[in-house]
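Participant: Chain A is fixed; fit chain B onto it per the hints.
Chains as they are written, first to last, in this note's numbering: chain A, 6 to 492; chain B, 34 to 402.
There could be a bad hint or two in this list.
[Stated by the list, open to error] Facing chain A, from chain B, some residues (calculated, C-beta under 10 angstroms):
1. Ser112
2. Asp145
3. Ser149
4. Asn151
5. Thr167
6. Thr168
7. Gly177
8. Ser178
9. Glu179
10. Tyr229
11. Asp305
12. His306
13. Asn314
14. Ser355
15. Val358
Rather than coming from a laboratory, the hints here were simulated on the basis of the structure.
Predicted, not measured: the structure shown is a model, and the values here were computed from it.
Note that the Cβ used here is the ideal one computed from N, Cα and C, for glycine as well.
Okay, here's what each chain looks like letter by letter:
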Amino acid sequence: MQSDRLAGARSPLLFLCFIALLSALAFAQTDPAVSGQWSAVVQWSTPSPGWVPTHAILLPTGKVLYVSSYTDGAKPKIWNPATGAITPAALPGYDLFCMGHALLANGSVLMTGGHVADYVGYAHSTVYDSFANTFTRKADMNAGRWYPTNTTLSNGDVLVVSGTKTSSSDYNNLPQVFQTSTGTFRSLTNAVLRLQLYPFMFLAPNGKVFLAGWQPDTRYLDTAGTGLWTKVANTNFGWRNYGSAVMYQTGKILIIGGGGNVAGGALPTRTAEVIDLNSASPVWKYVASMAFPRRQQNATLLPDGKVLVTGGSSGSGFDNWHSPVYAAEMWDPATNTWKTLARAANYRGYHSFALLLPDGRVLTGGGQVNAAGQANGANIQIYSPPYLFKGARPTISSFPASVTYGSTKLIGTPDVSSITSVSWVRLGAVTHSFDQNQRFTTLKFTRVSGGVSVVFPANSKISPPGHYMLFILKSGIPSVGKIIRIG
Amino acid sequence: MGAELRFADGMNKGTKLAQQSLGMLVALAILALSLGAAAEDRYKVVRIPVNHGDTGLPRALNIYGQVVGSSGEPHGGDSAAFFAQRGGRGLRLATLAGGDYSEGFAINDLGDVVGSSNTSSSVRAVRWRNGAVTTLAMPPKYSGSEALSLNDSGTAAGYVSGIAGMHAAKWASDGTVQLLGNLERGQSSQAAAIDYAGDVAGWVETNGVTRAFLWTAATGMSLLPGGASSKANGMNDLRQVVGSCAGVEGDRACLWTSPATSENLGTLPGGDHGEAFDINNAGTVVGAAGTSMGLRAFVWTRSEGMLDLNSLIPPSSGIILSAAVAINERGEILAYGEVNHDLEQDRNVDMDHGVHAGPTFVFLLTPTR
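Bound-form chain A, shown alone (with noise of 0.2 angstroms):
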């Protein structure tokens, strides 16, 4: 009897605690500071509605051009985050869908190949001035480049890597270094080598390119003389087809997703490995694993060191828009753990971005499809992480415009006591869900009367010449991004 009393009296008491729980993993999904928070479906303009924002490049100037898919791809356009407002870029000349893209050290953009048609490339190479918003073409590679990767070399120039020439099946295997002195590309014939489309470059400690997949026998491209491949490591889980990479910090990189053998209807995997190309011998370890199996998503650096992952599909298939993942997910290096964030309204998957803005949100768009299978439309969704709702942001009162490698300069800041850390995370150029330029580092500093002195990287193979997004952080919560040029 004492006992059914005892039952009966905790009975509400339980149901109390059981609405109480409930509430609070409610408020904690709705509680910016914990999930963060997307905007509204934002539309953008674009000549044809069917056609989708495929390029994202964060320009020095703070605004974003953006390339749509198909014959939108000859009219770039250009968006600013301050006013919201769309203006037409100047034209290029051709159809820039499909290209590569990265930035120079002056802040151009060179971008590389284009879209004949569907697997059929232009050869062409051309230089955006990101200042004067115009278009001077360059030199032509050796042949048509459809899905090449871009990246800054320690000297300025670019490599320029894969891409299809005038069929699926017709690959560019000839590495070339643009070269930004006369224009022209150096061919590294002692380097040819089958990659995939898109291929995950980044520029490595050692000053060599690290190609990291999503083909699993990543390889060292030394891309002094003629060049020359070496093998690193074989990843872990194999063929990453259509996953994401970035390098996190100097020298270390993680892939993400990803996988599964498409046309048999494998799903794909939530599995994540990073490398450590610092060490003597790298080699590709598992981390903690997404909440959610992904592809064709996108991974963006954040301000405090984390990694967002927003968009993708965890179903089979190559787009399956059947199966999107609307939440996005973050990566603490630090703790290895994910945490699951707030969801986006869109599916975002088959050539959608994701980009990293000054302000500390990140802008995504894009993707061929929304989750019902029809065009997605030139839409866009701004995230903002939790850090942005955790208290007063720590503000840069200032900066210098340009560095040079090694230096000690003075951000001033009225925040001097309760600055905890200092990165800068360099301007992002996204496409395909793989950023070609974006990488971050954190900055050593002391606190100084007047602001922080902070010690910018010794060299240019940690961060090659160009522009910077500068963050001051107080307990993770980052100020406004300045903008800096380095080289």
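Facilitator: Here is chain B on its own, set in the frame of chain A:
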């Protein structure tokens, strides 16, 4: 009589006119229907099964309808060389140790196959014979290579690349390698096709500009005419070469019937791009050309010009052929494309979405007459 006749004539005239008109209409309709039916039935289409998930990109076929290419993930993912034939099962060809990609580029009538396979540091030309893979010889100062064509005497053609540059090369059946040289210092070159006599067609490249060439043992390498830039992809045993020529309007499928004459084969309606990939000894050319709906496979003959191959197969097949890559002496055409294309969908979504990125399949087209 006369009145009757006149009346009759009048009636007859009207009736005859009506009858003639009707007859003509019927005849035209029958003709149109028969022509339409004939056009749609010009080729029988058979899907060739390939290994590795059934998405494939074919490169070549021989007289027996045996096919080689690469198969695997669509759109640049995990893929490897395959061999397949009508009614059989696709076979994955062996790759070199440490390699992650391979591709079969050519097969001769003896069933020998050549192509390339990655190693850890370069791509290497290989030959497959009786299921075994061997690398082709590499001259000093070169590290990479690909064999892109093969004739029935076993001579392969392609290129070698290394610290000395990238140069067109031939490999004799006994394995010896021969550099075909360049026209100018610093040029790159590749051999893309070889005929029965060992003549070679390909292209040289200087500062991003490619020019088609013809190489013979007697004359060496000489440029073929045709536009600001050009490229040779295929040739028959009559030294007729096909490829592409660039004009002011863009790339067009191109035919060289002699070393001095280039011929623009045009493009398909609505397209601004064309490229020919192969030609047989009958002079029939195949390739791919742009249309308002994306790339489409074409066949070209002297008598009929360029025709969309999709108009020559039954519309009920549910297939869109994106490119025709090879033709043999029986007139059989090797093509790739996609299946179950939904033309009812939003055009902006569906237009070439599958071919742009999704699985592609291998088809053998056999003439019905």
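Participant: So, for every hint listed, does it hold in this structure?
Facilitator: Against the structure, the hints come out as follows:
1. Residue-level restraint check for Ser112/B holds (minimum Cβ-Cβ distance to chain A is 9 angstroms; threshold 10 angstroms).
2. Residue-level restraint check for Asp145/B is violated (minimum Cβ-Cβ distance to chain A is 20 angstroms; threshold 10 angstroms).
3. A hinted interface residue such as Ser149/B counts as satisfied when its beta carbon comes closer than 10 angstroms to some beta carbon of chain A; here the least separation is about 7 angstroms, so the hint holds.
4. Annotation: interface hint on Asn151/B holds; nearest CB of chain A at approximately 5 angstroms, less than 10 angstroms.
5. At about 19 angstroms, the closest approach between the beta carbon of Thr167/B and any beta carbon in chain A exceeds 10 angstroms, and the interface hint on this residue is violated.
6. For Thr168/B, the suggested interface contact is broken, since its CB lies about 14 angstroms from the closest CB of chain A, more than 10 angstroms.
7. The restraint placing Gly177/B at the interface with chain A holds, with a minimum CB-CB distance near 4 angstroms, inside the 10 angstroms limit.
8. Annotation: Ser178/B was flagged as interfacial toward chain A, and the flag holds, the nearest CB pair being 8 angstroms apart, inside 10 angstroms.
9. A distance limit of 10 angstroms between C-beta atoms decides the matter here; for Glu179/B the minimum to chain A is near 7 angstroms, and the interface restraint holds.
10. Checking Tyr229/B against chain A by beta carbon gives a least distance of about 24 angstroms; that is not within 10 angstroms, so the hint is violated.
11. Against a cut-off of 10 angstroms between C-beta atoms, the interface hint on Asp305/B holds, since the closest Cβ of chain A lies about 8 angstroms away.
12. Below 10 angstroms, beta-carbon pairs count as interface contacts, and His306/B has one with chain A at about 5 angstroms; its hint therefore holds.
13. A hinted interface residue such as Asn314/B counts as satisfied when its beta carbon comes closer than 10 angstroms to some beta carbon of chain A; here the least separation is about 23 angstroms, so the hint is violated.
14. Proximity of Ser355/B to chain A holds as hinted, the smallest CB-CB distance being about 7 angstroms (cut-off 10 angstroms).
15. Hint on Val358/B holds. Least Cβ distance to chain A is approximately 7 angstroms, under the 10 angstroms limit.
Violated hints for the displayed structure, listed by number in ascending order: 2, 5, 6, 10, 13.
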